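Protein chains in written order, with my numbering: chain A, 1 to 200; chain B, 1 to 256; chain C, 1 to 280.
It should be emphasised that the hints constitute simulated quantities derived from the structure, not laboratory data. Computed from a predicted model, the values in this text were never measured in an experiment. Glycine included, each C-beta is placed from N, C-alpha and C at the ideal position. One or more of the hints may lead you astray.
To be verified - Here are the computed lysine to aspartate or glutamate pairs in the EDC-like style, where the Cα-Cα straight-line distance is at most 20 Å: (1) C/K10 with A/D75; (2) B/K167 with C/D145; (3) C/K141 with B/E231; (4) C/K66 with A/D75; (5) A/K196 with C/D17; (6) B/K130 with A/E199; (7) C/K139 with B/D132; (8) C/K66 with A/E198; (9) B/K230 with C/E118; (10) A/K10 with C/E78; (11) C/K141 with B/E178; (12) B/K146 with C/E78; (13) A/K30 with B/E133; (14) B/K222 with C/E118; (15) C/K120 with B/D9; (16) B/K230 with B/D9; (17) A/K196 with C/E106; (18) B/K146 with C/D17.
Said to hold, decoys possible - Covered by chain A, per the in silico footprint, the following chain C stretches (three or more residues, Cβ under 8 Å): (19) 59-68; (20) 233-246.
Okay, here's what each chain looks like letter by letter:
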Amino acid sequence: MSNRSMWSLKLSTAAIALIPAAIGINYLGKLVAGLLKLPLWLDSIGTVLSAMLAGPIIGALSGIINNIIYGVTADPISTVYAITSGVIGLIVGVMAYKGWLKNFKTVIVVGLVVGLAAAVISTPLNLIFWGGQTGNVWGDAFYAFLVSNDVPVWLASFGDSVIVDVPDKLATVIVSYLIFKGLPNNFISIFQGQDKIEEL
Amino acid sequence: MSTMTLYADRDSVIHNHVSPLTKVLYVVVSIAITYIYPDLLFVLLVTIFSGMILTLGKVFRRILPILAISIILIISIVIVQGFFNPENQTELFSIGFLTFYKEGISYAALLTLRVFNMIMAFGVLILTTKHDELVEAFIRKGLSPKIGYVLLSVLQLIPQMRATMGKIADAQASRGMETKGNLSVRMKAFFPLIGPVVLNSLNSTRERAIALEVRGFNTGIKKTFLNAAKEYHHQGFIQLILWLVLLGTIVWRILI
Amino acid sequence: MSIIQVEGLKYKYPNTDKLALNDVSFEVKEGEFIGLVGRNKAGKSTLCFALAGLVPHFFSGGYGGKVIVNGLEVRHHEVGEISTHVGLVFENPFSQMTGSKTNVFEEIAFGLENIGLERKQIIERVNTSLELLDITALKDKNPFDLSGGQMQRVAIASVIAMRPKILILDEPTSQLDPQGSEEVFRVVENLSKEGMTIIMAEHKIDKVAHYADRILLMDDAKMIDFDVPEKVFSRDDLQEHGIEPPVVTRIAKALGIRKQGSDDYPVTIKGFTQEIGDKL
């Protein structure tokens, strides 16, 4: 792992150039998941991968910029979730740095944490902007079920988000981890930007 | 190679005489006021106003497909709020055993109009502004040129990756990869489709970073611009009005 | 005074044990054209990176010795600063495009904006570069719509616009079709005639033999030889270092035609016909 702080704002050019690639990978994940009619979005693989490679700041930037770009080129509504995407990158970056990518079991924990965090952040956004729903058919059906059983709106909305976000983010983190594991070692050091040059 | 953009080249007042930053302020203010003051008629007026600006910019028809993307969200809002809103009391009408309530429907109408206005206000910005002019305007206002670079390069990178993706999908299909069938078959197809593009793009990332370095990307010198900033008049006045509208709405909300 | 001085240069990439450059020393005079040859992984690319300051600044890792380019010791200056003294062009034309610009003119101006030049100066320099590389006709095209050869010339124009004294090309034609390669060789020859110091790593040995004043032969991270093409390509152990001599040299060797007054064989058609002419 890098010998410098993960919060360093002196970002290397390689790390900066990783952001557009990450956003492209997000887009492709979504495209392929749609193409294969998978029941998941898988639209944040790039964000998660960039956070594993270059840390929480790049991860967060990838997430935020991803939604802004998607908002101005296709669907303005997604801009609302820029914060959620940013937090996903941030959490993966921090957990990767703290050694949570050790094995498959810890990676599943990362996936669950990310999924729950995404739901926690999205819930107030969903409540403010569209009365608590997500626009996902299954999630919203669950929401309707909860509300009609006198569960408070905020809790129903959280349930809606959990059902939508947790499986998707868990799958995303696992896929990203498998790709990350397959990358050559010398590749990773470039993005982590070690400052130290050893004297020979 | 195409650039990803919704920009529509027109000769209009909105294109030629409203600066990118003024349009950004319009997006922020017009969305904010519909949430600050939750009145159906007021939100309707704001939405109509956004629609008028789009018409003035000769791009109204371009907003329709973008509105269509949010149709599922809107249908879901109408159904769920119409049936299940906890405030529901007054029966409006029933279809068979389903009953819609007045409270839920009017709340759904408010939410829908807000979504429409959000999309249309965004449309004012993204349909009438060239993306590079927008980003340069932000850099001149203090946005890091590096972030500016990221924003602009994504717009060209995605169409390229999509093209590479298409080639790989064809190649894998010709090798007999199954992309249809049950869920586990389709899930297995995910990696061979996305893996090569991901590796390829990470590799180009490294090379592109080198190319950027040798072209002074990381010097810390204050960047200059090849393109002179386009001059706009009366922007200060328009922006002042927008700020006053925002302030006025807040005050109105507090007083009433 | 040499424009490039390399003294005892050692380097290893991070997380590796093996040296990628092992005690390399040489000097290059202003205006020389140096051909850099050697098998894959011999250290050619790493040496190119070291001359442009990317080693060690971009790659980090372990570093020893000295590289001085145009009076600047690379170790103590940033890549951005070095870029106005040393230009670097590499294999893949595609990844050398910034991706943020939508026409060739703006693409070439990218570096000049970064080093803070005035607008007027930028336009003037871009126009000069366009002419030097013979791509003025392409200036309004999207860089990604160009052919590989055209794209590579845009990449060269982009670094030339920074007005470096030294141009380093790391296998600039290896991903191009024959026509694209020819375009690139032609402009590099022109730049050399303009007085620019050129270091070119290249697998097309006949081309290298034709253009280079001197050849730097590398193998296994070490510099094996650094001499005029006739000397280097006449080495008996050349193939052991993974290099096939130029066709002309092989023919001359088979026919026993040496350069007059030396043990070396000619390496270009011109040199060859000269010797034959003398013999006849």
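Hints versus structure:
1. Between C/K10 and A/D75 the alpha-carbon distance is near 52 Å, which puts this suggested pair outside the 20 Å criterion.
2. A distance of roughly 17 Å separates the Cα atoms of B/K167 and C/D145; the hinted pair therefore holds under the 20 Å criterion.
3. At most 20 Å may separate the alpha-carbon atoms for a hinted pair to count; C/K141 and B/E231 exceed this at roughly 26 Å.
4. Pair hint C/K66 plus A/D75 does not hold up; C-alpha atoms about 54 Å apart against a cutoff of 20 Å.
5. Proximity of A/K196 to C/D17 is assessed by CA-CA distance (about 16 Å); at most 20 Å being required, the pair is judged to hold.
6. The hinted pair formed by B/K130 and A/E199 fails the criterion: a straight-line CA distance of about 49 Å is larger than 20 Å.
7. Of the pairs offered as hints, the one joining C/K139 and B/D132 holds, with about 18 Å between alpha carbons and a cut-off of 20 Å not exceeded.
8. Proposed proximity of C/K66 and A/E198 is supported: the alpha carbons are some 14 Å apart, at most 20 Å.
9. The suggested pairing of B/K230 with C/E118 holds, with an alpha-carbon distance near 17 Å, which does not exceed 20 Å.
10. A hinted pair counts as satisfied when its Cα atoms are at most 20 Å apart, and A/K10 with C/E78 qualifies at roughly 14 Å.
11. Between C/K141 and B/E178 the CA atoms are separated by roughly 39 Å; this puts the pair beyond 20 Å, and the hint is violated.
12. Taking the CA atoms of B/K146 and C/E78, the gap is about 17 Å. The hint holds against a cut of 20 Å.
13. For the hint linking A/K30 to B/E133, the alpha-carbon distance of about 29 Å lies beyond 20 Å, and the restraint is violated.
14. Of the supplied pair hints, the one linking B/K222 and C/E118 holds, its CA atoms being roughly 11 Å apart against a limit of 20 Å.
15. Restraint check for C/K120 and B/D9: not satisfied, since their Cα atoms lie roughly 28 Å apart, outside the 20 Å limit.
16. Taken as a hint, the B/K230 and B/D9 pair is honoured in the structure, with Cα atoms around 16 Å apart against an allowance of 20 Å.
17. Restraint check for A/K196 and C/E106: not satisfied, since their Cα atoms lie roughly 35 Å apart, outside the 20 Å limit.
18. Taking the CA atoms of B/K146 and C/D17, the gap is near 34 Å; set against the 20 Å cutoff, the hint is violated.
19. With 7 residues having a beta carbon nearer than 8 Å to a beta carbon of chain A, the region 59-68 of chain C meets the requirement of three or more and the stated coverage holds.
20. Proximity of the region 233-246 of chain C to chain A, defined as three or more residues with a beta carbon under 8 Å from a beta carbon of that chain, is not established by the 0 residues found.
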